[in-house]
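The residues making up each chain are set out below.
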Amino acid sequence: MYSEKVMDHFSNPRNVGEVENANAAGQVGNPKCGDIMKMTMRIEGGRIEDVKFKTFGCGAAVATSSMATELVKGHTIEEALSLTNKAVAEALDGLPPVKLHCSVLAEEAIKSAIADYYRRQGIDPTPIVGCDVDCAHCHG
Amino acid sequence: MFVYADHAATAPLSKRALSAMLPFLEGGYGNASSVYAIARDARRALEAARKITAEALGAKPEEIYFTGGGTESDNWALRGVCEAKKDKGRHIVTTAIEHHAVLHTAEYLKKQGYDVTFLPVDKLGRVTPEQVEKALRTDTILVSVMAANNEIGVLEPIAEIGALCRAKGVLFHTDAVQAVGHVPLDLSAMEVDLLSLAGHKFGGPKGVGALYIRRGLRIPPLLYGGGHERGLRSGTENVAGLMGMAEALREAVENREEKNKRLTALRDKLIEGLSRIPYSFLTGDTENRLPGNVSFVFECVEGESMVLGLDLAGVCASSGSACSSGSLDPSHVLLAIGLPHEVAHGSLRLTLGEENTPEEVDYLIETVAGVVTRARSMSPLWDAATQTPTERFWGPGSLK
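Taken in sequence, the protein lines are chains A and B.
If you read the first sequence in our numbering, its first letter stands for residue 1, the second for the next number, and so on.
If you read the second sequence in our numbering, its first letter stands for residue 1001, the second for the next number, and so on.
Don't read these hints as lab results, they were simulated from the structure.
Glycine included, every Cβ here is placed at the ideal spot set by N, Cα and C.
Mixed in with the good hints there might be a few duds.
To be verified - DSS-like cross-link-like pairs, simulated, lysine-lysine; straight-line CA separation at most 30 Å:
| no. | chain 1 | residue 1 | chain 2 | residue 2 |
| --- | --- | --- | --- | --- |
| 1 | B | 1111 | B | 1060 |
| 2 | B | 1086 | B | 1123 |
| 3 | B | 1110 | A | 32 |
| 4 | B | 1015 | B | 1168 |
| 5 | B | 1088 | B | 1060 |
| 6 | A | 32 | B | 1123 |
Stated by the list, open to error - Sample of chain A residues at the chain B side, in silico, Cβ under 10 Å:
| no. | residue |
| --- | --- |
| 7 | 32 |
| 8 | 35 |
| 9 | 36 |
| 10 | 58 |
| 11 | 85 |
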């Protein structure tokens, strides 16, 4: 059911852990639903110098987190924001239909971390990032 | 090392079952309904299989109807009784932890205008005869309670529930797919009206099963056609498969005590080993439990990733997490025993069989511990520094 790339990123996940001196952090998902992704980043001069993830979830959740960090590491914020869940899934040679939400979560985790970065700078992230699905932030 | 620890999903075909099947795969292809010699051989074999199956269950041969498996037997029992007794009433009683073959059939019947009571279970997964008694109404036509649960291995008090139903004049069906061949079941000493079984759960082949229908009880067929199985289950009989099932059942019953002694020891060793993993808990009942069933939850870990991780180490296991089932919710059984969603996602089921060894159990303990440790090291719900969950959703006392 999983592609070899998914299995590779599941068994040898890239960029696991938490970035030291991170200046951006985002967490999405819900333990009730069975998946949570947390991404931490060090952003310097508009570029994601380092990114790491921690994920509680199924094989696809781990693999999409790993792939998403690979796809944004070393890239600019703009490039990272243009990353779609579809691109993450495609980079993994596809995901079973029931697992596509994992790739959505990976895209959202990146956006959530970048939104946090802007907030820490005193900048309202909404016009730049759009909805970062940090619902508690908007709705208390 | 390769360790098969998913016997509740399906068990390997026993050698004796294979030997019983081969003559009907290699040469004896006659249709048991035809008149010539090779067909008569097939008919004889079929009736021998029926006799063996009946003897193993303490039933009479004419009470055994062969089917295409456990799911068909469950469908037939529920839908058949509902149709046969619809003039008496339209209420059925079952439990929240039944296999989907019963649950989804009950839900279908609900849509057809039947009223269904799904009894809750306690934290160990048990339902009591008192609960059943309270649920009975004047229009109750059927009670269906599983003999053993496929996920947490809990054994239900079906003898007591059967006796109660008989006293109240209500038909009693039990889905015994996980129990037959594994725990003592003597229908001659029990008040059971219908019982479902499936061949591949005790060393027989897949795609064959049976429904026991107590003598004197008539239900309409599920499948119409050429009138096989005394007009109640049409379709050319799978003689090879049924021979395999009957032989596997005979073998399972012959060796049950000795096998269970060994299996229970292996199971308890595995439970003890896995209990040493912090924040891990056995689900189900320690006393009333299938001899090969070990079901656990590991906090802060998701089940499907455990199953995948174990697969990479050569271990076959299963989980009741949402991601394993392909739905959004974790197993209905784990939710029914009171686990919160967050914890139910961390379930792992290891089910042992006859061929498993103590060395394999050691390997299982070591491998599960490794997989859990690795998953926790990447989990945002786990604090690596203190080796504790960052948030507790549940405590070990919750299931006591």
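The hints, checked one at a time:
Between residue 1111 (chain B) and residue 1060 (chain B) the CA atoms are separated by roughly 35 Å; this puts the pair beyond 30 Å, and the hint is violated. Taking the CA atoms of residue 1086 (chain B) and residue 1123 (chain B), the gap is about 34 Å. The hint is violated against a cut of 30 Å. Between the alpha carbons of residue 1110 (chain B) and residue 32 (chain A) the distance comes to roughly 29 Å, so the proposed pair stays at or under 30 Å and holds. Straight-line distance between C-alpha atoms of residue 1015 (chain B) and residue 1168 (chain B) comes to about 44 Å, which puts the hinted pair past the 30 Å bound.
Only pairs whose Cα atoms come within 30 Å are accepted, and residue 1088 (chain B) paired with residue 1060 (chain B) is accepted, the gap being roughly 28 Å. Restraint check for residue 32 (chain A) and residue 1123 (chain B): the C-alpha separation of about 20 Å stays at or below 30 Å, so the hint holds. At about 4 Å, the closest approach between the beta carbon of residue 32 (chain A) and any beta carbon in chain B falls short of 10 Å, and the interface hint on this residue holds. For residue 35 (chain A), the interface hint holds, since its Cβ comes within 10 Å of a Cβ in chain B; the closest pair sits about 7 Å apart.
For the restraint placing residue 36 (chain A) at the interface with chain B, the shortest Cβ-Cβ distance is roughly 5 Å, inside the 10 Å limit, so the hint holds. For residue 58 (chain A), the suggested interface contact is upheld, since its CB lies about 3 Å from the closest CB of chain B, less than 10 Å. A hinted interface residue such as residue 85 (chain A) counts as satisfied when its beta carbon comes closer than 10 Å to some beta carbon of chain B; here the least separation is about 17 Å, so the hint is violated.
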